[in-house]
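Asks: As given, the protein sequences belong to chains A and B, one line each in that order. According to our numbering, the residues represented by the first sequence are 922 to 1231, in order. According to our numbering, the residues represented by the second sequence are 8 to 255, in order.
These are computed hints drawn from the structure, not numbers from a lab. This structure is a prediction, so every number in the text was calculated from the model and none was measured. Among the clues, some could well be false.
Said to hold, decoys possible - Taking lysine-lysine pairs in the DSS-like style, the calculated list, with each CA pair at most 25 Å apart, reads:
#1 B:Lys-18 / A:Lys-1052
#2 A:Lys-943 / A:Lys-1131
#3 A:Lys-984 / A:Lys-1060
#4 A:Lys-984 / A:Lys-1035
#5 A:Lys-1185 / A:Lys-1151
#6 A:Lys-995 / A:Lys-984
#7 A:Lys-980 / A:Lys-1035
#8 B:Lys-228 / A:Lys-1060
#9 A:Lys-1036 / B:Lys-228
#10 A:Lys-995 / A:Lys-1036
#11 A:Lys-995 / A:Lys-980
#12 A:Lys-1131 / A:Lys-1151
#13 B:Lys-228 / A:Lys-1035
#14 A:Lys-995 / A:Lys-1060
#15 A:Lys-1032 / B:Lys-228
Now for the letters of each chain:
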Amino acid sequence: MTTITVEASDLTRIYGGREAVKDVSFTLNKGEVLGFLGPNGAGKSTTMKMLTGNLAPSKGSVKICGIDMIENPKEAKALIGYLPEQPPLYRELTVDEYLTIAARLHRVSSKHIKKAVDVAKQRCGLTEMGKRLIENLSKGYQQRVGIAQAIIHNPMVVILDEPTVGLDPIQIRDIRALIKELGGEHSVILSTHILPEVEMVCDHVQIIHKGELVFNGAIEVLKQQRYGNKLLIGLNNPPANEILLAIPGVTAVDTLPNGMLRIKHQDGLSPAEALVQGSVNNGWGLYQINPDQTSLEEVFVQLTYQEQAA
Amino acid sequence: MIINIARKELKSLFSSPMGWIVLALLQFVFGTFFLIGVDQYLQTMSGMVRPEERLGVTEYVGSNVFGIASFIMLFAVPLLSMRLISDERRQQTLTFLFSAPLSLTEIVLGKFFGLVTFLSIIIFFMAAMMSSLNLWSEIDFGYITANILGLWLLVASFSALGVYVSSMTQQPVVAGIITFVALFGLLILDHFLAGDPNSVMSYFSLMRHFEPFSRGLLDTKDVAYFILFIITFLTLTVRRLDADRLRG
């Protein structure tokens, strides 16, 4: 049985007459990782602020595990761990002091505080850093402290606003692994504009543009759009397009500027094998054959562009 | 939960040099005035004054120390209160508190009590200093208690105003200056209206309500004034923070 952990309905936020977020509705189940994508200023952070009770929605409601954020903010907030865009760190404190305070404020019972701090540090790779002043840590480590702070009370829902910004590639890999791990027992919502990241860690994707959801679905749907029904082939002696069009399944052939051919085919009927066979038989000189991946960026641009055109 | 926030504030105060310096400087000033008081008492009271006009040592030294204390606190409290909320706003750490399972009232009260606890340390040392007179003389503990209570209420009122001003801006320095000017205005309000002691405005003067305490008089009217003052400004602070959430 799946349990719904986050339920947002018709979230709207109006800033001075302009709708920063408009009618955003979605649900999230336990153990899912939801990626929030969108160009700058699309309303990602605003939505997250509303989900965590930092900002009151102009309209709509947020329910965390069935508890209404507006009616019972304390109970709802206790179930959330939130890392805002800028990690909220008290720079004059050490990592241990800060995490202890975070645990205390999130109602971790005093007996378990020390353990909770140790676990959070260990999960975020901060074990060596406990005695250091936050002020003196690098940006990447500060980001980790921010994440540690968000997971210290073992919340049902973890909300991370651009968690991998400013990290080096190795740290990014670690954090992604951590997010995947968190996804096992918690629900995670993360916002990012790094597209491959979404594909790597998320089960669900939402694309938000100008305050509205333009795409909401499983990552597979997005992947399918990516892998589509195109093949990219390179031939040294390409035959006339008509010959290629005669191969069963092929619907269109485009010659690309770099001499490669893009072959569109019917869904589920890949002519790859026939093409290879044809090349061998007729000496077309096949040197490359690939499924033509629309990059995630392209899908993203398509989705946000359509919205603009509409 | 209020205690946890107060603890956090105290930790912040003590983890920067600011807290320690203020503590040390204030103690130095009060100690000096205490010593001067004791010194002068021995000089002025040694036979020059007729016995029926002599003042007790508690009152003589006390008026010296507590008189300066209310004045010095006027500078010290804005210095300490200015960072409370404005700095969190600037460093964007308010989100940390807003996202935790805390009500706004708890956050504000926590910050207020954190600051008051810190200031209580100073007041406690003053009380201890005054009580030390008891070693070689019989002193008026009632007088000291009234003064300490009055000073404590005064300082708590200062803090409440400071917390409110701090919640209105992002710049600690601006908050500090506004708090100082506002407090100064409230303290000397009755000086402006010296001609009419019964005017409504002069009733708002903090000094006018502090003065009975410094004579050793404990009046519920004045206690009530200070408590209402504190509640008013703390409520305003909660409203101000709520506006953050509503208006963004």
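Asks: Mind checking the alpha carbons of B:Lys-18 and A:Lys-1052 for me, to see if they're no more than 25 Å apart?
Replies: holds, 15 Å
Asks: For A:Lys-995 and A:Lys-984, compute the direct alpha-carbon distance and say whether it is at most 25 Å.
Replies: Measuring from Cα to Cα gives roughly 12 Å; hence the hint holds.
Asks: Is the Cα-Cα distance between A:Lys-984 and A:Lys-1035 25 Å or less?
Replies: Cα-Cα ~31 Å, so violated.
Asks: Quick one, are B:Lys-228 and A:Lys-1060 close enough, alpha carbons at most 25 Å?
Replies: Roughly 54 Å separates the two Cα atoms, so the pair is violated.
Asks: Would the pair A:Lys-943 and A:Lys-1131 pass a check requiring their Cα atoms to be no farther apart than 25 Å?
Replies: holds, 8 Å
Asks: Against the 25 Å threshold, does the CA-CA distance of A:Lys-995 and A:Lys-1036 hold or violate the hint?
Replies: Answer holds: A:Lys-995 to A:Lys-1036 is near 24 Å, not above 25 Å.
Asks: Taking only the CA atoms, is the gap from A:Lys-1185 to A:Lys-1151 under or equal to 25 Å?
Replies: Holds - the C-alpha atoms of A:Lys-1151 and A:Lys-1185 are around 5 Å apart, at most 25 Å.
Asks: Has the given pair, A:Lys-1131 with A:Lys-1151, been kept, meaning a C-alpha gap of at most 25 Å?
Replies: violated, 31 Å
Asks: Need the status of pair A:Lys-1036, B:Lys-228: alpha-carbon distance at most 25 Å?
Replies: violated, 51 Å
Asks: Taking 25 Å as the top limit, are the C-alpha atoms of A:Lys-984 and A:Lys-1060 close enough?
Replies: The given pair, whose Cα atoms are some 33 Å apart, is violated under the 25 Å limit.
Asks: Next pair to validate is A:Lys-995 with A:Lys-980; report whether the Cα-Cα distance is within 25 Å.
Replies: holds, 20 Å
Asks: Against the 25 Å threshold, does the CA-CA distance of B:Lys-228 and A:Lys-1035 hold or violate the hint?
Replies: Not OK: B:Lys-228 and A:Lys-1035 at ~48 Å, beyond 25 Å, violated.
The structure shown violates the earlier hints numbered 3, 4, 7, 8, 9, 12, 13, 14 and 15.
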